[in-house]
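**Q** This is what each chain is made of:
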Amino acid sequence: MLRYLLRRLAYVAPIAVGVTLIVFLLVHIAPGDPISAILPDDASAEMVAEARREYGLDKPLPVQYGIWLWRAAQGELGTSIRSGRTVASELSMAVGNTFILAVASGLLACVFGVALGLVAGLARDRIADHVTSLVTLAGVSLPHYWVAILLVIVFAVENPWLPPLGIGPDTSDGWRPDWAHLQHLILPAIATALIPMAVIARTMRASVIEALDQDFVTTLHAKGLLPGRRLWHVLRNALPTTLAVTGLQLGNMLGGSVLVETVFAWPGTGFLLANAIFQRDLPVLQGTMLVLSLFFVVLNLAVDLLQSWADPRIRRA
Amino acid sequence: MSATVAMPAKAPGTGYWRGVGRRFARQPLAMAAAMVLLVVVLSAIGADWIAPADPFQTSVSRRLAAIGTPGRWLGGDELGRDMLSRLIHGGRVSLAMAIVPVAVALVIGGFLGVLAGYAGGAVNMAIMRVMDVFYAYPSILLAVAIAGALGPGMVNGMVALTLVFVAPIARVAESVTTQVRANDYVVAARLSGAPTSMILRRHVLNNVAGPVLVFAASQVSVSIIAASGLSFLGLGVSPPQADWGLMLSALRQALYVNPWVAALPGAAIFLCSMAVNIVSDGIRRAMELRR
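The listed protein sequences correspond, in order, to chains A and B.
Each residue of the first sequence is one higher than the one before, counting from 400 in the working numbering.
Each residue of the second sequence is one higher than the one before, counting from -8 in the working numbering.
Looking at chain B on its own, in the form it has when it is part of the complex (with noise of 0.2 Å):
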């Protein structure tokens, strides 16, 4: 090994990350859904003030009103209560119960994930087989057996959702632990008596932490999809206190009667689905990650 190799590759900076930004502003398609995912997060932070009606309200005489009813500008569902109002607010609930257990599973995951990559050997083997029999199972039917054992409720539908998304985020910060630490500088660092925790934060945590949250940020469109399935089968959040899967699930009864105004809960979680799938894509893009 030349005597060269101990100069530290620049570490990501705050110059990096404006690089990203610019060529993420060039792609019009991610930004037209970053703009889409904009709009949707704040009205459900603010859907308070936003929703033009309580969505509580019922009304014997709008049940399963027309879409561009008066008042009930998106319909009524099966109850009478404003559509408009009711996907404003479930979508707080939708979105709360697909991206905190992302976020904790990041938390875990990258946590089991880097240590496995940084220590190797046992320790990796330990960690890494146990992911991989969660990784065994397919990630809706692991969320939907799990949710069901503990049975119905918000937190228990998070609970299982942050379990299946564990793994798959501990595979990929492991992998590119894995990869980073076998890089001349961090061999360099170790080999000039760098104490492991400068370079943990220096030189790994700065190079795994932007492709493992690009890949947490692609499962939150998996876990928006999951979530609202739980909903659906009625295992995720219970009345009247609504998310999109469980509103979709309440009007498929109105299947017959309102057709247009039973399938809009489903559209709004696939909207949130695709914009969160394009924009994490683009944000790849914007990193030139392969993959």
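Just chain A, same shape as in the assembly (with noise of 0.2 Å):
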């Protein structure tokens, strides 16, 4: 096991670098002079000369890299331009709110996911198969911004039943566990969560029709086997390939959060990075997509070592 962490370790450094310098790069594809971006259009020349070499604009560019990266990994991620607060302060709050739609949607996805799955597979080729395989057809067909939209629609314009904007009743404030903050949680994360359940159950069923395709599972019925205990053997080979899908499907969430936390006005990390856009603040899109885009490569690396833990097989290929 740990050689295989070592392994995987090995593979995953390289990419995370990669990752880093893509996001230091998107600063520099942005047309115009990124100084003109962080100074008012009125700055005197020597103030953009100062701005130049306090930003380290003036050294070549593989060198501002490095001294990026060097303030990066101790925190310093620059100043947002609009609000003039530290871009990791703007993270640190987002961060916590984006975590709480993740774990609540999350939830959701897996559970609703690998039981439609599991329920589909059993019943392979019957009317509940054939319901479920087209729920979730239309399930990874879904535009989760309109998921969005169509939820506010029902259950907040035609019955208001539910908050259809922010976090909580004060939305400065961060999520707290009351049934004030909870109701503005359940849009959100319902939202959040379709997609990628309709994509684990699509591999829930395919993998459950594969592990009782084999002939183990024949051998354990014709010994005599109860069904219960086969269940558990059939969920045993089914479930490393779906808890991959399941992590590449929750880093996606986190991509499609952009969209619905902008819908919700959901203070999180894809909030952030939309309002960041808008206002072409790019210290803090660049610091929101380099916490997302390392917790994506780190959550990859969870669920590689996960799926080789479920699956012995895994590790010796």
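For the chain A half of the interface with chain B, some residues (derived, Cβ under 8 Å), not all of them:
1) I428
2) A429
3) P430
4) N651
5) A673
I should point out that these hints are in silico values taken from the structure, not numbers from a laboratory.
Ideal Cβ placement from N, Cα and C applies to all residues, glycine included.
Quick one: dock chain against chain with the hints and give me the complex.
**A** Listed below in structure tokens is the structure:
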């Protein structure tokens, strides 16, 4: 297991470096001088030169990357051009809020995805399977921002049951585990969870069917093993693939949260990113992307390890 | 190795594709989805002739007209423009913004993937590790970030989407090429001194094209959602030109006045994306490919 871990780390480390490089370059593919985005339009030539030195923009690009990476590693991600606060402090609020949303929707997606897929797989080619397959096919084709709007229409506009916007009665606050805040969580969590749920269900269905087709299940059946015990063996064979897909989906969920959080004005990383883009706040854009993409890399690594723990055959491959 | 392996396997020819077409036609759901796509694509191409009204003609009295209003059969938007005509014209922009990036990525990613798969070794390593980096981002997040850095605009949006789709397509092309390259008939062709260009054209591309095309087709459904998502965030096309994503975003303000008209552009995105998914599933099944 340790050797596998080291091998995965050796594979992931260069990717992580590459990811930071792309995030760094984001600011440099932006049209115009990065300085002009930082300073007010009427800045004097001295101010421009001063800022250029301060941000290290007078140095060659590889050196700039080194400096930026070194600072980022220490948590210095620069200052927001719009709010004047440090990017790190803007992010710490947002990351917490996104985390709440991710946990809630991740749970929804996993529980319902695995259950639906299992039902469909066990009922293969019967009506329950066809219905589930059609629903999940629709699910993977849903634009999540549209789902978010539909949810608002049904549960906030037509029937005023749930609040359509914000994180709680008082938006400046973070999320708290009480009923008022829970109500605000319901719609964003469902909107974020639907697509991953459909993908997880599809994968789960395919892996259950594959597991059921294997000879050992027939053998267990012939041996007279109780259905419940047999199900356990099927599950154990179906779960590793589903787990891998689930991890990827949780990452994609983070990507999708840019749009869902925008619709619900949920003050998380996605909302922060969308606002940063809208206001051309490049330091915030860069910092948010750095955190999100590195999290995605770590998540993938974790899924890999978890998968190899669940299925020892992977370690030897 | 026995001496008889030099028989080249028959590369997929016209007979193969005719069989695929026949097996596709036997799937009612896939055929229905293909019809839907055909109607959408044709109406997008012929938008100027098909749309019942001028999509830019505003009308104060028909602002947010309900569905079924005479002259505004699918309702009016926030400026009283005809929703049906705008949906038809918007489809042209949405489809172009979704299909062009995948097509360009197919060329770039296909080339890189086949090169990496056929060359193997250090070339493979260099190309695929770079692809891994791009693959490390959730696709919509990467598209939003690149388009956000480049600034709003339809071309910038398409550039961002292209960059997103190169890596997954290259991955598929690479893995299929690696498999094909190891086949006995390719090894035999190489040993018998066939020129590389001939092997690539005759054996590799012929076998790789199918799976890669099907994968690229399935990516169009992701692309439709992502392209409209960019416009929804204000990163794609700019007004008065409008695609479904921008229409959806503009109508959000009308949510409390006429919610069902406001939801229409999203339904169009969903319908197209689902139709593409069903069709590419159907083709895959007809080609008898796994996964």
